[in-house]
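**Student:** Each protein sequence line maps, in turn, to chains A and B.
Number 21 in my numbering belongs to position 21 of the first sequence; there are no gaps in the numbering.
Number 275 in my numbering belongs to position 275 of the second sequence; there are no gaps in the numbering.
Watch out, some of these pointers could steer you wrong.
[Claimed, not checked] Distance condition first, Cα-Cα at most 27 Å in a straight line; then the derived DSS-like pairs of lysine-lysine: (1) B:K294 with B:K168; (2) A:K297 with B:K261; (3) A:K168 with A:K132; (4) A:K191 with A:K6; (5) B:K207 with B:K192; (6) B:K298 with A:K256; (7) A:K297 with B:K207; (8) B:K297 with A:K261; (9) B:K55 with A:K298; (10) B:K256 with B:K191; (11) B:K298 with B:K65; (12) A:K207 with B:K298; (13) A:K298 with B:K65; (14) A:K261 with A:K191; (15) A:K294 with A:K168; (16) A:K207 with A:K297; (17) B:K6 with B:K65; (18) B:K256 with B:K132; (19) A:K294 with B:K256; (20) B:K294 with A:K256; (21) B:K256 with A:K297; (22) B:K191 with A:K261; (23) A:K207 with B:K294; (24) B:K297 with A:K294; (25) A:K207 with B:K297; (26) B:K191 with B:K207; (27) A:K261 with A:K168; (28) A:K294 with A:K65; (29) B:K256 with B:K6; (30) A:K294 with B:K261; (31) A:K256 with B:K297; (32) B:K256 with B:K207; (33) A:K256 with A:K191; (34) A:K6 with A:K207; (35) A:K191 with A:K207; (36) A:K297 with A:K132; (37) A:K55 with A:K192; (38) B:K192 with B:K55.
No wet-lab data here; the hints were simulated from the structure.
Number of protein chains: 2
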Amino acid sequence: MNRYPKEALVSIVAQLACGMGVPQEDAALFAEALVDADLHGVPTHGVSRLNIYLKRIEAGLIEPKAELAIERRAGSVLAFDAGNGLGQVQARRALDLLIPLARQNGVAAATIRNSQHFGALSWYANYAAAQKLVLLAMTNGEPAMSPAGGYEAFFGTNPIAASFPTGKGFPVKIDLSTSVVARGNIIAAQKKNEPIPEGWALDREGKPTTDATEALLGTVLTMAGHKGYALAMMVELFSGVLSGAAIGAEVGSMYKNLDRKQDVGHFFCLFDVQAFFDYGEYLRRMDETIDRIKASKKRAGVDEILVPGERSARTAAVNLTEGIPVSPETLAELEGWCSRLQVAFNFREVVCRP
Amino acid sequence: MNRYPKEALVSIVAQLACGMGVPQEDAALFAEALVDADLHGVPTHGVSRLNIYLKRIEAGLIEPKAELAIERRAGSVLAFDAGNGLGQVQARRALDLLIPLARQNGVAAATIRNSQHFGALSWYANYAAAQKLVLLAMTNGEPAMSPAGGYEAFFGTNPIAASFPTGKGFPVKIDLSTSVVARGNIIAAQKKNEPIPEGWALDREGKPTTDATEALLGTVLTMAGHKGYALAMMVELFSGVLSGAAIGAEVGSMYKNLDRKQDVGHFFCLFDVQAFFDYGEYLRRMDETIDRIKASKKRAGVDEILVPGERSARTAAVNLTEGIPVSPETLAELEGWCSRLQVAFNFREVVCRP
Numbered sequence: 001m002n003r004y005p006k007e008a009l010v011s012i013v014a015q016l017a018c019g020m021g022v023p024q025e026d027a028a029l030f031a032e033a034l035v036d037a038d039l040h041g042v043p044t045h046g047v048s049r050l051n052i053y054l055k056r057i058e059a060g061l062i063e064p065k066a067e068l069a070i071e072r073r074a075g076s077v078l079a080f081d082a083g084n085g086l087g088q089v090q091a092r093r094a095l096d097l098l099i100p101l102a103r104q105n106g107v108a109a110a111t112i113r114n115s116q117h118f119g120a121l122s123w124y125a126n127y128a129a130a131q132k133l134v135l136l137a138m139t140n141g142e143p144a145m146s147p148a149g150g151y152e153a154f155f156g157t158n159p160i161a162a163s164f165p166t167g168k169g170f171p172v173k174i175d176l177s178t179s180v181v182a183r184g185n186i187i188a189a190q191k192k193n194e195p196i197p198e199g200w201a202l203d204r205e206g207k208p209t210t211d212a213t214e215a216l217l218g219t220v221l222t223m224a225g226h227k228g229y230a231l232a233m234m235v236e237l238f239s240g241v242l243s244g245a246a247i248g249a250e251v252g253s254m255y256k257n258l259d260r261k262q263d264v265g266h267f268f269c270l271f272d273v274q275a276f277f278d279y280g281e282y283l284r285r286m287d288e289t290i291d292r293i294k295a296s297k298k299r300a301g302v303d304e305i306l307v308p309g310e311r312s313a314r315t316a317a318v319n320l321t322e323g324i325p326v327s328p329e330t331l332a333e334l335e336g337w338c339s340r341l342q343v344a345f346n347f348r349e350v351v352c353r354p
Numbered sequence: 001m002n003r004y005p006k007e008a009l010v011s012i013v014a015q016l017a018c019g020m021g022v023p024q025e026d027a028a029l030f031a032e033a034l035v036d037a038d039l040h041g042v043p044t045h046g047v048s049r050l051n052i053y054l055k056r057i058e059a060g061l062i063e064p065k066a067e068l069a070i071e072r073r074a075g076s077v078l079a080f081d082a083g084n085g086l087g088q089v090q091a092r093r094a095l096d097l098l099i100p101l102a103r104q105n106g107v108a109a110a111t112i113r114n115s116q117h118f119g120a121l122s123w124y125a126n127y128a129a130a131q132k133l134v135l136l137a138m139t140n141g142e143p144a145m146s147p148a149g150g151y152e153a154f155f156g157t158n159p160i161a162a163s164f165p166t167g168k169g170f171p172v173k174i175d176l177s178t179s180v181v182a183r184g185n186i187i188a189a190q191k192k193n194e195p196i197p198e199g200w201a202l203d204r205e206g207k208p209t210t211d212a213t214e215a216l217l218g219t220v221l222t223m224a225g226h227k228g229y230a231l232a233m234m235v236e237l238f239s240g241v242l243s244g245a246a247i248g249a250e251v252g253s254m255y256k257n258l259d260r261k262q263d264v265g266h267f268f269c270l271f272d273v274q275a276f277f278d279y280g281e282y283l284r285r286m287d288e289t290i291d292r293i294k295a296s297k298k299r300a301g302v303d304e305i306l307v308p309g310e311r312s313a314r315t316a317a318v319n320l321t322e323g324i325p326v327s328p329e330t331l332a333e334l335e336g337w338c339s340r341l342q343v344a345f346n347f348r349e350v351v352c353r354p
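So here's chain A without its partners, still in its complex pose:
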């Protein structure tokens, strides 16, 4: 797979978004978000999605110039209407408005409705951690999972993330979907025409399937059975019910519904470490915890114990030096949009030669 410098990818994504009417500053944020996912080794939420975002803008299903509106403000809580704008842009703007409230009151929470698929939670998590803040983040999403015992898609793969600053050069970052597997992996398998492992999904009749297309028409299973169902419910209630966004099966599908908006809902809760604890002492405790975990006795065949967030930080470091891998499919999509929007970009020239 060809690798490209981060700056080159950010630049091309931003130019293409601009070309579709996204204001320059917003396009820069959007591009940063997408490329950040690839940088951290999550290409399913990165530049590979640019094509569908642009298509949806083109179809009038995303408002490229949307303003972020505060619908309700009460103490340390902000409830936002994203105006059907790009999720990454609106959520990052919301986070920026939430940060001063968290610093002032120690904790602050926000809901965002009328938004889109807003990419990898990890981007928001890393951003907060870099500012000595703890972030808890959730989002609902297009219907993918049924409640336990059912087989109609209701919940999204409803991810939950939390990030904590450390003194180790990377934040501890919890970032997981409440499904057995992220839907992105099934989309990736479908794109490659590959089967998916058993235990990932049910087909439209509620029977187990290994066919990626059938799985995307059917339902993805929740992780850990009832427990994953309960967590998906929690995410849906915080992000969907409490935000005023679409709930469950009413959330629009990014890929399937090319006739209506998604109306995704997000939830953020920010904590200022210093409201709870002396920051230096917190860092000492955090780093010692990481050291102890990494020093755990290892099961047979295990080389190293990693803490959550460590692997993706390492991947980012490698990709920053060696360039970010971009799949041939994504490259072809980028070239297609460049030619359509008359954006000059010489991919052969910027490709990394490690």
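Add chain B to chain A, keeping to what the hints say.
**Tutor:** Here is chain B on its own, set in the frame of chain A:
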């Protein structure tokens, strides 16, 4: 199993706690908490634990008259020191101090250090929901689970709970340990001298085991592998690192360490629904969500789709009418303490006859 009226059980537990030096009001709260777990069908966290709490008070490992101290107050955040008091009493007191802050600022968060095993999260969850508040609650606990790839007990089974008020007569209540199974189930199997299913635990050498005693000496597995590990980490960081409590393997064991305190840490985050949304409209959205989930198409062999919290609410309703089941082992322990503390209580007289 004999069943007893709720009031009778609350009364006897409170009297025994009083007999061990717990002030009357605190003893009443403590008894309510324990019996509430049995009422909701979670006997592993209920009256069956009274024996070990009283033993630990007797051994000077729990301070029965502890005061709850606010160590840090910043905006909408309170950091508490439980003074090594009973977890249930101190956590409920902390929650009562947090509620006005949540009403004032829309969101409020608290950490509690220097505490004990504080029972079922469900008690706090139901309490908050009854007051139109959303609660997110976590606690660390005595070492039980290893990080992914390891086999030394580090994390507790680190549960996470969240509750949401509804118009359905019961709150939606997410309440799960991040382990494959709650440690209480393994303790229960050990008490009954029964094997545990495969996939629950590793022994001291990191090998799979079905022996409950070996499992309690070894490690319980995290739910959903790496995802459960990540969530256990999140719970540990909020409840342990951020609170100033013991972290991971340093948390004392309730049953094994009869020579030192536990120093458990808890974390609460409270949200006032009305800061986010009109309450009536919220209820309408919530109830509609529940109705839709329950109306899902059912997999073969499934009679009814339940939402999280529904089953335990039903169990509580049955137990309130028919009496709360108490195991012969727990009954024997209660009778033993009654005789030691010269508390008169005629179990034969109060037993329910359905």
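**Student:** Keeping to a limit of 27 Å between CA atoms, is the pair of K55 (chain B) and K298 (chain A) held or broken?
**Tutor:** violated (36 Å)
**Student:** Holds or violated: K294 (chain A) with K65 (chain A), Cα cutoff 27 Å?
**Tutor:** Answer violated: K294 (chain A) to K65 (chain A) is near 46 Å, above 27 Å.
**Student:** Need the status of pair K261 (chain A), K191 (chain A): alpha-carbon distance at most 27 Å?
**Tutor:** Holds, at roughly 24 Å.
**Student:** Hinted pair, alpha-carbon criterion (27 Å max): K297 (chain A), K132 (chain A). Please report holds or violated.
**Tutor:** violated (31 Å)
**Student:** K261 (chain A) and K168 (chain A) were given as a pair; does the straight-line alpha-carbon distance stay at or below 27 Å?
**Tutor:** violated (41 Å)
**Student:** Check whether the Cα positions of K191 (chain A) and K6 (chain A) lie no farther apart than 27 Å.
**Tutor:** Given pair K191 (chain A), K6 (chain A) holds - Cα atoms ~24 Å apart, limit 27 Å.
**Student:** Just to be careful, I want the Cα atoms of K191 (chain B) and K261 (chain A) compared with a cutoff of 27 Å; is the pair within it?
**Tutor:** violated (56 Å)
**Student:** With the threshold set at 27 Å, check whether the alpha-carbon distance from K207 (chain B) to K192 (chain B) stays at or below it.
**Tutor:** Distance ~23 Å between K207 (chain B) and K192 (chain B) Cα, so the pair holds.
**Student:** Starting from K294 (chain A), check that the Cα of K261 (chain B) is at most 27 Å away, please.
**Tutor:** holds (26 Å)
**Student:** Within 27 Å, alpha carbon to alpha carbon, are K6 (chain B) and K65 (chain B)?
**Tutor:** OK: K6 (chain B) and K65 (chain B) at ~25 Å, within 27 Å.
**Student:** For a C-alpha distance cap of 27 Å, please report whether K294 (chain B) and K168 (chain B) respect it.
**Tutor:** holds (12 Å)
**Student:** For a C-alpha distance cap of 27 Å, please report whether K298 (chain B) and K256 (chain A) respect it.
**Tutor:** With a Cα-Cα distance of about 24 Å, the restraint between K298 (chain B) and K256 (chain A) holds, given a limit of 27 Å.
In the structure shown, a violation is registered for the earlier hints numbered 9, 11, 13, 16, 18, 22, 24, 27, 28, 29, 34, 36, in ascending order.
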